[in-house]
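K.L.:
Here is what each chain is made of, one letter per residue.
2 protein chains.
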Amino acid sequence: MAGTRMKLELSRVVQGRSRLGVLRGLGRTGQHSLEIPGCLLYTHFGTVPHLTQDTLHTLTNLPSVTQVTLSSIAEHQEVLEEFKDGFRKFAGLHDTLLYCSLHDPAAPCPTGYTTNKTVSVWGSGGRIELTVAKFMALQKTVQPDWYQSMADGETWQNNTSRKRVRKSVDRTLAHLDECLLVHQNSQELEGVELFGVVEGGDILEERVRSAKETAKRPVSGFCLDGFQTGSMDQALRTQLIAAVTKELPEDKPRLLQGVGRPDEVLACVEAGVDLFESFFPFQVTERGCALCFSFDISPDPERAGSAPPAVLELNDDERDTAGETQQNGDLNLDDQTQMTPFEINLKDKRYQGDFRPLVEGCGCYCCANHQRAYLHHLLVTNELLAGVLLMIHNTAHYHGFFGALREAMANDKVDLLKRRVLRERGGQIERKE
Amino acid sequence: MAGTRMKLELSRVVQGRSRLGVLRGLGRTGQHSLEIPGCLLYTHFGTVPHLTQDTLHTLTNLPSVTQVTLSSIAEHQEVLEEFKDGFRKFAGLHDTLLYCSLHDPAAPCPTGYTTNKTVSVWGSGGRIELTVAKFMALQKTVQPDWYQSMADGETWQNNTSRKRVRKSVDRTLAHLDECLLVHQNSQELEGVELFGVVEGGDILEERVRSAKETAKRPVSGFCLDGFQTGSMDQALRTQLIAAVTKELPEDKPRLLQGVGRPDEVLACVEAGVDLFESFFPFQVTERGCALCFSFDISPDPERAGSAPPAVLELNDDERDTAGETQQNGDLNLDDQTQMTPFEINLKDKRYQGDFRPLVEGCGCYCCANHQRAYLHHLLVTNELLAGVLLMIHNTAHYHGFFGALREAMANDKVDLLKRRVLRERGGQIERKE
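Residue numbers (my numbering), protein chains in the order written: chain W, 1 to 433; chain G, 1001 to 1433.
I should point out that these hints are in silico values taken from the structure, not numbers from a laboratory. You may find that some hints are simply not true.
[As the list claims (entries may be wrong)] Distance condition first, Cα-Cα at most 30 Å in a straight line; then the derived DSSO-like pairs of lysine-lysine: (1) K1347(G) with K349(W); (2) K347(W) with K1134(G); (3) K347(W) with K1089(G); (4) K1349(G) with K89(W); (5) K1140(G) with K212(W); (6) K84(W) with K1347(G); (7) K1349(G) with K349(W); (8) K89(W) with K252(W); (9) K1347(G) with K89(W).
Here the structure is a predicted model, which means the values were calculated and not measured.
With the hints as constraints, model all of the structure from the sequences given.
P.N.:
Here is the structure:
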C-alpha cells in the first residue's frame, strides 16, 4: 500500500457516523499527528495568503498538514526540478506536512477540458494539461507527504447527465490505477500517502460504486469530490456522503473537498467526514469580512454571556442577502463569494465608530491589538494590512471552531455547539417561512 | 515656542554642511531620541504598508518617529473625535512618536486647488478642503508629537511663474502665523512641536526669503517642500537647499519632503538636510523590486568581497531604462514609479531559478528565509505575501543605509560610502556620455 506508517485511532464514533480521533504516524519520519474532525491549512502557492511564517506562528493549534495545489505549482515544474529539494523547502516551510491537491478550492476552474487521458489545471499563465505521467512527475518534484490521485471532477453541476457521471467515475478509477502503478514503482514516493478520489455527481448508485471500487485499491485515504458549496443542497449532500462513507473502511480518513461553511461542516461531520480544507476563512477575508460566529460551549454562564454577539448584529438588509443560498433552488459556485451569516462586513459604515475588537475575548493578534473601527478604516483606505489582520483573525477563529467541535464531541455537547453555531440561521429560516 | 524639550545635539559637521547628531528630548515625556541624518518611518494610515506591528518589530534600528499624513486621516475626523485618545492609539501604535504631514509623499496630489485661505488633501473619498481652523482642529484630534504647518506647496513644477512662487511663499507664511496663533493658545497642543514649511519653487531669492522669514517664527524645525524627485535636477536642488539651510538656525532640524533615492539623499545631506521621509522602499516594493545597492564600508576585505552584487547584475536593458531621470531634461513626478539603479526587478525571468537571498548577508526575515526564485514565483502568481516580504527587506535595507551613512560620517568614510552606493551610477553616466 502507498504509505505505511499513517494510522487512524478513533476514540469515539458519535451517533454511528461522526468520528473523533487522531491520525498518527504522519510524515516520512512518522512524528506528526492530526486530530479529526479537523482541517488542513489552506495555502496559495505554499503561503497562507498575506501571512509570513512568523505571523502565522503567532497562532496556536494550527494543523500539522499544509495543503498546496498543483494548479499553482504546475507551471513552475522546471524550476522545482532544478531546485531538487522539493516544494516545502522552496516555499520556506518548516515542520509541516504537505498535502498536494489538484485544484485550488477557492478558485473554481472552468469545465469541459478533461479527456480520457488528461485533466487540466489553471495557473497564472493559463491552462496546463496533465497526463498521468506528467502528474506523477510533478508529485516526485513537489515531494509531498500526501497527495490526491488524478481525477475527473467535472460532474458537480446538477444538470450533469448520468452517462457523463458514469464516465467520470470510470475515468477516475482508471487514473487511480495508473497513478498507483507509477507510485508503487517509484523510490521517490516511498512512504508518501496516496488518497483515492470518490466521484459520482449527485447520483447515489454512482457514488456508491465509486466508493466501493476506490476502497478496493491500496489507498491511504479518500477525497470526496464534487460536493462543493453551491453544487447541491445540504440535504442531498448529507445523504450522498452518508452513503459513500458507509462503503469506506473505518480505518482510513475521509477528506471532503470544497466545503467550508461552519453549518455545512457540522452536517458533513455527522455524515462521516473527517477532514476539510480551510479555504473558507480566506474567502471571508477577501470580501473584507470577519468571522464572528459563536462556538463557545463553556459551562461558565459569565463566559457564555460574553460570547461574540456578532451574528445578532446583522441588520435586516444583511439578513436578507446573507445565507440565501439554501433558501432557493438557484445554486451555483458564485455563492462562494457571497457573505454568509457567520461573518460581519467590516466595510459597513456602522463599524466606523465601533471601538470593540472583532470578537470579544479572542486571543489572536488582530483582536488583541485593534478595534473594528480601525479595520473599517483600513478597508476604506484600501490599506493591504486589512487583509493581513483579517486573515490572522479568520484563520484563528476557524481553527478554534474545529477545536470546539472536537471538544464538543468528546464531552457530548455537539447539540449545544450546533445551537450556538446555527442559532441565528435558525431564527432566520423561521423569519423567512 | 511650540514644543520645548526637543534639543538637537550636533556631534559633527562635515565639510561645513553635513550634520551628524542626535535629536533628544522627543515626545511628550521627552524620553525618545532620533539620530541625524536619518529618516522617519513611512506609513499609510498609520501602518507601514503590508506589515503588522509584530512583523515590523522583527526589524531592528527603526526610527523613533512615525510619519502619518492628513490626506489619509482627514476624512476620518469625526470618528477620531469620538474615539478621543488620538490617532496613535486608534492605529494600535505603541512607543513611537507621531509626525503628521499634510500630504503622502508616495501619492502626489493634483494641483490647482489651493486658495488664499485653504489647501486641499485627497483621501479615498476624494478632495477635502482644509482651512486653518479645520487643519488645527484635525491636529488636536490626531494628537501628534510633531506636525507640519499648513502650506501652499503647489510650486514644484518647473514652469511655475515667479508671481505664483511669490504668492506661495506669502501664503505659507500667513498660514504659519495663523497656525502658531491657534497652537500657542491651545492646551491640547502643549508640548507638541510645529515645523514651519520653506517654499519658493526653483527661484533662489524666494527660497532664501522663505527660509529667513520662517526662521524668524518660533518653530521647532523646518520642512523643505517643493524639492521632490522629478521636480528639478539634482544640481539645482542641491544649490537651492544649500542656500536655504544657510539661512536656518543650526539648532533646529531640517526635514526634506519627497526625496528618497539613495544618491539624492547623499547629495542633500551634503547640502545640510537632516531628515528624510522613507516612502522610497514602499515605492520599490510596489513595483515588485528589491533594494540591493551596497553600502558596506566595512574594512574587512572578505566582508567587502561579499557585498551585494546587485547593481552589477543589471542587464543592458535595465541600465538603459533605469536612472534616466537625470540624463535628460524631461522631468516629472511619474519618474517616481520607474525603477532606479538601486534595485532589482524580481519579476524578471532571470530570477526564476536564482536560489540566493535578495541580498547575501542581509539579516532581515525575508533574506533569512527565502530565495529570489521564491519571491519571483510569488510575484508571478500574484500572491500578496510578495509585498509583505519585499517590504520587510526594503525597509530593513533602507534604514540600514541611513545607519551606514551616520557611521561613515563619524569615521570619515563618506567618500568610500558614496563610491559604494554610486559605483554603478558612475559607470552608467560614463557610458552614456
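K.L.:
With reference to the structure, classify each hint as holding or not holding.
P.N.:
Hints, one by one, checked against the model:
Simply put, K1347(G) and K349(W) have alpha-carbon atoms about 38 Å apart, too far for the 30 Å limit, and the pair is violated. Proximity of K347(W) to K1134(G) is assessed by CA-CA distance (about 26 Å); at most 30 Å being required, the pair is judged to hold. A hinted pair counts as satisfied when its Cα atoms are at most 30 Å apart, and K347(W) with K1089(G) qualifies at roughly 21 Å. With a CA separation close to 21 Å, the supplied pair K1349(G) and K89(W) stays within the 30 Å bound.
Taking the CA atoms of K1140(G) and K212(W), the gap is about 72 Å. The hint is violated against a cut of 30 Å. For the hint pairing K84(W) with K1347(G), the CA-to-CA distance comes to about 22 Å; that is within 30 Å, so the pair holds. Restraint check for K1349(G) and K349(W): the C-alpha separation of about 44 Å exceeds 30 Å, so the hint is violated. Pair hint K89(W) plus K252(W) holds up; C-alpha atoms about 28 Å apart against a cutoff of 30 Å.
For the suggested pair K1347(G) and K89(W), the alpha carbons sit about 21 Å apart, so the restraint of at most 30 Å is met.
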